[in-house]
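Residue numbers (our numbering), protein chains in the order written: chain A, 11 to 114; chain B, 136 to 463; chain C, 726 to 825.
Calculated directly from the structure, the hints in this document are not laboratory data. It is possible that some hints are incorrect.
To be verified - Ranges between beta-carbon positions, derived for each pair: (1) A:113 with C:800: 48 to 56 Å; (2) A:106 with C:800: 39 to 47 Å; (3) C:804 with B:344: 48 to 56 Å; (4) B:381 with C:755: 51 to 59 Å; (5) B:326 with C:746: 43 to 51 Å.
All values derive from a computational prediction rather than experimental measurement. Where a beta carbon is used, it is the ideal one built from N, C-alpha and C, also for glycine.
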Amino acid sequence: MNIPLLYAAGGVILFFLGLHALFVRVHLLRKVLAANIMGSGVFMVFIALAARAGEAGPDPVPHAMVLTGIVVTVSFTALGLVLAVKIEQTSGRSRLPRKGEEGA
Amino acid sequence: MTLLSALFDLLLLATLLWLAWRLLASADLFKAVVLFIAFSLLLALAWVRLNAPDVALAEAAIGAGITGALLMVALGRLSPEDACPHRLHPTLGQRLSAPLLISLAVPAAVAILLSSLLTLPETAAGLAPLVTSHLAQSEVAHPVTAVLLNFRGYDTLLEVAVLVLAVLGIWCLGEAQVLTLPGSVSPVLLGMTRVLLPVLVLTGGYLLWLGGHAPGGAFQAGALLAAGAVLWLFAGQMLSSRWSDLPLRLLLLLGFQVFLATAAVPVLQGNLLLAYPPGWAKTMILLVETLLAGSIAAVLAAAVIGGRPACAPQSFPPAGQADEEKQQ
Amino acid sequence: MEIRELLAALLMLTAMPFFLAGTLGLLRFPDVFCRLHALTKADNLGLGLIVLGLMVQADSWQAAARLLLIWLLVLLAGATVAHLIARQALRTGQNPWRLS
Numbered sequence: 011m012n013i014p015l016l017y018a019a020g021g022v023i024l025f026f027l028g029l030h031a032l033f034v035r036v037h038l039l040r041k042v043l044a045a046n047i048m049g050s051g052v053f054m055v056f057i058a059l060a061a062r063a064g065e066a067g068p069d070p071v072p073h074a075m076v077l078t079g080i081v082v083t084v085s086f087t088a089l090g091l092v093l094a095v096k097i098e099q100t101s102g103r104s105r106l107p108r109k110g111e112e113g114a
Numbered sequence: 136m137t138l139l140s141a142l143f144d145l146l147l148l149a150t151l152l153w154l155a156w157r158l159l160a161s162a163d164l165f166k167a168v169v170l171f172i173a174f175s176l177l178l179a180l181a182w183v184r185l186n187a188p189d190v191a192l193a194e195a196a197i198g199a200g201i202t203g204a205l206l207m208v209a210l211g212r213l214s215p216e217d218a219c220p221h222r223l224h225p226t227l228g229q230r231l232s233a234p235l236l237i238s239l240a241v242p243a244a245v246a247i248l249l250s251s252l253l254t255l256p257e258t259a260a261g262l263a264p265l266v267t268s269h270l271a272q273s274e275v276a277h278p279v280t281a282v283l284l285n286f287r288g289y290d291t292l293l294e295v296a297v298l299v300l301a302v303l304g305i306w307c308l309g310e311a312q313v314l315t316l317p318g319s320v321s322p323v324l325l326g327m328t329r330v331l332l333p334v335l336v337l338t339g340g341y342l343l344w345l346g347g348h349a350p351g352g353a354f355q356a357g358a359l360l361a362a363g364a365v366l367w368l369f370a371g372q373m374l375s376s377r378w379s380d381l382p383l384r385l386l387l388l389l390g391f392q393v394f395l396a397t398a399a400v401p402v403l404q405g406n407l408l409l410a411y412p413p414g415w416a417k418t419m420i421l422l423v424e425t426l427l428a429g430s431i432a433a434v435l436a437a438a439v440i441g442g443r444p445a446c447a448p449q450s451f452p453p454a455g456q457a458d459e460e461k462q463q
Numbered sequence: 726m727e728i729r730e731l732l733a734a735l736l737m738l739t740a741m742p743f744f745l746a747g748t749l750g751l752l753r754f755p756d757v758f759c760r761l762h763a764l765t766k767a768d769n770l771g772l773g774l775i776v777l778g779l780m781v782q783a784d785s786w787q788a789a790a791r792l793l794l795i796w797l798l799v800l801l802a803g804a805t806v807a808h809l810i811a812r813q814a815l816r817t818g819q820n821p822w823r824l825s
C-alpha cells in the first residue's frame, strides 16, 4: 500500500459518494454535481494507477484517457444543466416527476 | 522528506473526500457550487502530486473554470430550491428500498473494490516503456500529446464529436438568454477584461505551442481561450448577427471537420484510419491542434451561453410553411 | 546555493501568518465587506511573498518572470472580483456592519 494506491482508494470512495448522492438527492442540479464527483473519482483511480510506474515515468495512456474524460464531463455537464433549466421552465419543478404527476 | 510528502498527500486526500461529502450534503445550492469549484482546484493539486501536469492544467481550466461558470449561470436561471419536497403517501417498500439498497449495496461494493485494489502491485510500468520506444516515430516530443493525437487519435476524434453533439443538443433546447445587460456592467470588469483578453490569447497560443514538447496542448489552450470569450460575454459584449450566423457555426465545426478529414484521407489512399504519412505527422498534428483549440473555445463558450443565437430559424420547417399547412 | 535556499525558505515562512490572518478574517469578520477586505489584502500579500521566495529559487529569469506574472494576474483578478462582490452586496441591500 503506497501513496498512489491510497489515492486510488480515495477515488473509489469519491465514486460511491457521488453514486449515493445521484440516487438520493432530488434537485436536478445536485444530480449533475453528483455525476461530476463520480467522474472525478474514476479519474483519480486512473491517474493513481498510472502514477505507479517507477523510473519509466508516469504511464501517458491513462493521462490521455482522463484528458478525454474531463472534456466529455464538461460536455455532459453543460447539456445536463441546460436540460435542467428547460425542465424547470416548462414544468415548474426542478426535479424529476414522481409517479402519478404529469410527465411521469 | 518522504514522511512529510506522505503526510501532505494524506491531508490532501482527506480534504478532497471531506469537501466532496460536504458539497453533496450541503443544504444550500450556492454553497454546494462554490465548494465544487474549490474541490476541482484541490483536485488539480492532486493531479500535480500524482505526476500528471497536463491533466492538472486541464482540470484547473476546464473542471474548475468552465464548469464553475456553467454551474453559476445555471444557478442564476433556476428558481430557489423548495425546502423539503414531501413524498405523497410513500409505500413501505418505497420507504425501505432506497436506504436499504444504499446502506448494504454501496458498502459491499466499496469493500470489494478496495480489497481488489490492495492486491495490485505497488509499481507497474504499464504502457510507458512502449510509448517511449515509439515516441520518435510519432514526431512529437511529449508522450501525452503523442498518445492523444497520434497513437490514440481515434479517441480524441470521438471526443471532439461529443463536444459538437453537446452544442447541438444545447442549441436544440432554446434560444440564448442575455448573460449581462450592457448597461449594468461595472467599469472595473470592463477594464480588467480589456487587460486580460490579450494576455489570455497569448497564453493560449503559448500553451498550444508548448504541447509539442512539454505539458500543454489543444485542450488546455482551448479552455483558456474559452475563458477569455466567457469573460468578454460577462462584460456585456454580445456577438452581432454578422458573426453569430455563419462564422460561429464554421468555427464550431472546423476542428472536428479538419480532424475527420485528416483521419479519413489515409483510408481513401488505402491506408489505415488516422495513419499520418511519415514525415508529415508533426505538421498535421500542429494543424489539427490549432483548429481544435479554436473549436473547443467556441464550443465551451457556446455551452456557457446556453442557447442558440437569436437569428437562427426557430423551427423546422420554417414558420411560414407550418402556417400554410395549418390553414389547409 | 545555500543562501538562496535559506532566503527562499524564509520568505515563504513569512507568508504563512498572512494566509492565517486572511483565513481568520474570512471566518470571524462580521460583514461581507470586512471579509473581502481581509481576503484580498492578506492573501495577495501572502501570495506575493511565496512568489518572491520561488523566484529566488528559480532556474532561469524566464521562469522567475512567469512566476511574477502569476502574482500580478491573481492580484488583478482578486481586486476585480472583490469589487464585483461588494457592488452586488450593496445592490442587494446588505449594509456595512456598524459598531452599535
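Cross-check of the supplied hints:
no., hint, result
1, A:113 with C:800: 48 to 56 Å, "50 Å, holds"
2, A:106 with C:800: 39 to 47 Å, "45 Å, holds"
3, C:804 with B:344: 48 to 56 Å, "30 Å, violated"
4, B:381 with C:755: 51 to 59 Å, "55 Å, holds"
5, B:326 with C:746: 43 to 51 Å, "29 Å, violated"
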